[in-house]
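Enquirer: Residue numbers (this note's numbering), protein chains in the order written: chain D, 1 to 670; chain Z, 1 to 670.
Don't read these hints as lab results, they were simulated from the structure. Be aware that a few hints might be false.
Example chain D residues on the side facing chain Z (calculated, C-beta under 7 Å, incomplete) [said to hold, decoys possible]: (1) Asp82; (2) Asp113; (3) Asn346; (4) Lys349.
All residues carry an ideal CB built from backbone N, CA and C; glycine is no exception.
2 protein chains.
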Amino acid sequence: MPEVKSKKIPVKAKVLSRVNVERVSPEIDGGQFPIKRVQGERVVVQASVFADGHDEIAVRLGYRPVNEPEWRYADMLPLGNDRWEGAFEIERLADYVYTVQGCIDSFGSWQRDLKKKWEAGVNVSVDLLVGADLLEQALEKAVGDSAEKFRSLAARFRGRGPVSEAVALASSEDIQRSMRDFLAWDKGALYPKELHVAVDRKQALFSAWYEFFPRSWGPEGKHGTFRDCERLLPEIARMGFDVVYFPPIHPIGVTNRKGKNNSVICEAGDPGCPWAIGSSDGGHKSIHPFLGTLDDLKHFIGEANRYGIEVALDLAYQCAPDHPYVKAHPDWFKWRPDGSIQFAENPPKKYEDVLPINFESADWKNLWSELKSIVEFWAGQGIRIFRVDNPHTKPFAFWDWLIEDIRKNYPQAIFLAEAFTRPHVMYRLAKGGFTQSYTYFTWRNTKQEFMDYLTELTRTEVAEYFRPNFWPNTPDILPVHLQSGGRPAFIMRLILAATLSSNYGIYGPVFELCVDKAVPQKEEYAQSEKYELRSWNWNQEGHLKDVIARVNQVRRENPALQETRNIRFCETKNDALLAYYKMSKDGRNIILVIVNLDPYHTQCGMVTVPLPAWNIEPDRPYLAHDLLSNDRYIWQGESNYIELNPHISPAHVIRVRPHLHREQDFDYFM
Amino acid sequence: MPEVKSKKIPVKAKVLSRVNVERVSPEIDGGQFPIKRVQGERVVVQASVFADGHDEIAVRLGYRPVNEPEWRYADMLPLGNDRWEGAFEIERLADYVYTVQGCIDSFGSWQRDLKKKWEAGVNVSVDLLVGADLLEQALEKAVGDSAEKFRSLAARFRGRGPVSEAVALASSEDIQRSMRDFLAWDKGALYPKELHVAVDRKQALFSAWYEFFPRSWGPEGKHGTFRDCERLLPEIARMGFDVVYFPPIHPIGVTNRKGKNNSVICEAGDPGCPWAIGSSDGGHKSIHPFLGTLDDLKHFIGEANRYGIEVALDLAYQCAPDHPYVKAHPDWFKWRPDGSIQFAENPPKKYEDVLPINFESADWKNLWSELKSIVEFWAGQGIRIFRVDNPHTKPFAFWDWLIEDIRKNYPQAIFLAEAFTRPHVMYRLAKGGFTQSYTYFTWRNTKQEFMDYLTELTRTEVAEYFRPNFWPNTPDILPVHLQSGGRPAFIMRLILAATLSSNYGIYGPVFELCVDKAVPQKEEYAQSEKYELRSWNWNQEGHLKDVIARVNQVRRENPALQETRNIRFCETKNDALLAYYKMSKDGRNIILVIVNLDPYHTQCGMVTVPLPAWNIEPDRPYLAHDLLSNDRYIWQGESNYIELNPHISPAHVIRVRPHLHREQDFDYFM
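Produce the entire structure from the sequences given, and follow the hints as far as they go.
Expert: Written out as structure tokens, the structure is:
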């Protein structure tokens, strides 16, 4: 035989593991981005794991909070065709990592082969000795009961008792279980990546937002203050909102200030648009003097907290021409060849009162740090929720860096991305760290549109990193269906937003007052609060405050509505009826929602519900309790008749109670 | 304003690129494995590329042979929704790398905005100055004609001529094209991975294999030699095969040698199974003395090459108990507690004449190097094609390392994986470097099965790295459908293998002689050549050599059949009719195959063909020329009647000729 050349074995072959771990999911862009979870949620992980040859393998999921060195493990079980699944629960408010490990299960392989040989009548006496060797190897690590068990079984395999008995002992489930604790994981294969979970507090997944312009709530048409707004808090709390979000509260520019209805002519007394930030009174770290002082804001925050309400601020990285940055850092803006400063534009649209910030400025490092310090400033005042204006017009790298850095010091921080743009861009912002995101919900109308969109958001990889926040309206959007559908349309969109998505919000009071007057041919509000002070009669006939209060109460009382990924659609024969249900993790809370998408006419039809998924036998009656109307129906079977008059209620929000027992039924219905 | 803290900007934000490049495809397991191509093939690459804000972007595909530092580039074009596509062709027999680059197209954005503003009646005089600036920036790099063009246009934009004319000049396609050569790629984003293409010679994609046992071809029932086999070469060449593959040609063990029909009792004169490799005559680098000498083999190789045929050897890493390795390296094998050596087994099956090699031996580095040296030895004798026996029972890491290393010195090397096992394992071996792979073709029978399997192999990611080689039979497999279907079944399977896949092979002469006698209830050949010498009448009545010759000729003359990924299926109303077509890259060669999957009965029905894909107008006649029967039909429209009597021919292999011109038609049909 020729001399064996001693060639270097390259890295790939250095770890002599026969197991292969691949296609771990979820894994976002090769592990570049984390998946998202809140405390208490589960992470279900799958992987393809297999070895050469015929040996049995064992697979486990390793996970840990990123700041704790100790790995925890969960068994992964075979789904068939070399695919394995395991899961773990997020216990701490800390980012986690997870990975997958596989190893040869020598004892399991031996058990399987022994059984096959024995059944085929093969002499297994030497095989029993092999088993004894394996047990004795485990003894190197085993102590106590296990050690005793292994020692005595090895002795039995080496002894002279009946072979049939030894084979029976070798196949016992008990020994199988005990030996699994001594698998040679150190000789196994580890998936080469640690995949990340960005973990947020529960409110990141379950929240109800109320947006309003504080300046509209002054007495007798005067500019409102934070102090004025404190009187709104009891009613906002009664409606069941837990986040109050203010448009920018900073000084508003004077140069090119917009007049009413976005007019370029500004009349005396026009307050300007809050997104035109900055004047001689200060910039992004200052408060508009008409709204009050920093202390007033803090007082408002304190009062809100007493009602269980958090305050969210708007983060709009753009400047009015009068912003102090312009003089102090002219190089943070773009200048045109004629020496004029570059205003914001999206040709042919122009934003005459706003300058974009030049994120590619030569001085970008200082600029970015300063912009981040704005978040740090407000976080220092107790603000933990930021609604970010137009993040898609700023570099992704900026957000990646800013959010990562802020989360280090403020793990409770929540960033809501207001990016109404193309899907890739919206998803990239979410991957880069935004906690929640505005969506296309506002423009989805038909049954098929809702089903397709919710399927994309909840049943594809998108569900792992993109947390939707559904808004039926915003100060920028009075959608066409609300302009013409009247009160039923408002209620319908409220119920859709609040039950399709566990995060949702409304812009009030125009929402609950069913304000539907738009600039002709546009989705802009007529007489928009963006450009003028309005005053509102909050108790106007037909207001929706009670409906909203009821819907939010139902959300709070029903865990099924506190997540979004659990949505499943039900078949309806009538395309004007959208039906879906959500079930809590423990299966005990089931909410079935049926919405009439037609705000004008009564619609009816059969709805098919998934009795097996609900663990209801087809021949047993069950209770359908409409939590909005408080009506109760006894249903049986999977097909049920629904009729919804939008002028009475455009939707059923039904709690399904599977196990009706005769004796209790009477009580229940009385 | 507070002092700006100078915090370190982390890596992510260090390259201030506003462009995002993601989801590049093909990319196998995050770039861990290469895709496969042969010389002359194209690589089509897609990526999601986008920037923040509203700027236009440009995207290009960078590629190069891995051993050349200079990148080549191909434009990528938008497919919509931020997805881009580009392609390049493999020109050299060298592995390639590719990646994707995106950058802001400042001039393109300026052109677009200028046009919008002009059309909206906005004053654009300052915008023209911005354009002049951009042109002058390009002047830093531009020379010659371009420089002249940019200089004069910039002057025009700064001058006083009519604005409308300047806008027209600014929008010209010519300037758009010229400016694209001066995009700021250096400020753009580069996908952070270089993805690999493993490039093979053309035969890796297009080959016809003929396997036979040389020992069956001696005169008058004597053990055949390589010299004896030389007389087969003209006929193998006439049949159109370009690879001759021998089962192992090494000395065969004596201990536990198998007798006829896999009997554990070996009679005097029984030659043993060629896969029981090694005896006192030598091991994997030796030749069975009955077959001849190394010089005889080399002479055979030389003769084969004269006929355009290459010789492939079998690489079976296992040993007979008499293999020299066993004495020299007992630690390369497994030993049992009773001191006996471990034989190969897959309980309850036993392989009494074969020892598995212990790849996990403590001395594995020397073992692996020695095993690799076997390939190097035969490569040194001119062998470039290896059919690898049971690679799935050896560590993946071993193959990864061996094939990578061999390909460095022998880029022409081809490894065919004989892994009949679970999909993940077969695919992992292909990813790790195997050039071609055996498949499940042998057990696919129904129309739906063929469509599903070919779709998986050619229209999913699998197509990028797994090159199928279809075998209707092997020495281990006489499938059930060939045991009962008679001559029509053999012809049907031949045509399926040869036209579904551009790589295929048969085990002869049992295939062309339609040998269908199996061990009862098994897929094993009765009186298998694996265990005894056979002698054959190659010209026996009903042999398929002429059909095979015709099928291989059709493959050689029609580029459409020289690739596999180009297969598309056609609708048929009769499930016994399978119809598919392949079209060459230039669209000029179209082969439509229709197979009657029923070997017993005539089947007929309508077949729908894709006229638009073939560029044939629905109202024009076209020629369907059956290349097997030489029948010609004039067809019109997409629906055509097919009737196939399996006893005449179980298939049409039709060349479709789109453009019939009256004058030529007569000539053609004469």
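Enquirer: Give a verdict on every hint.
Expert: A quick look at each hint next to the structure:
1. Hint status for aspartate 82/D: holds, given a least beta-carbon distance of 4 Å to chain Z, under 7 Å.
2. With a cut of 7 Å, the hint placing aspartate 113/D at the interface with chain Z holds, because the nearest CB-to-CB distance is about 4 Å.
3. The interface hint given for asparagine 346/D is met, as the beta carbon of that residue sits about 6 Å from the closest beta carbon of chain Z, less than 7 Å.
4. Hint on lysine 349/D is violated. Least Cβ distance to chain Z is approximately 9 Å, over the 7 Å limit.
Figure legend: structure checked against the earlier numbered hints; the only hint not met is number 4.
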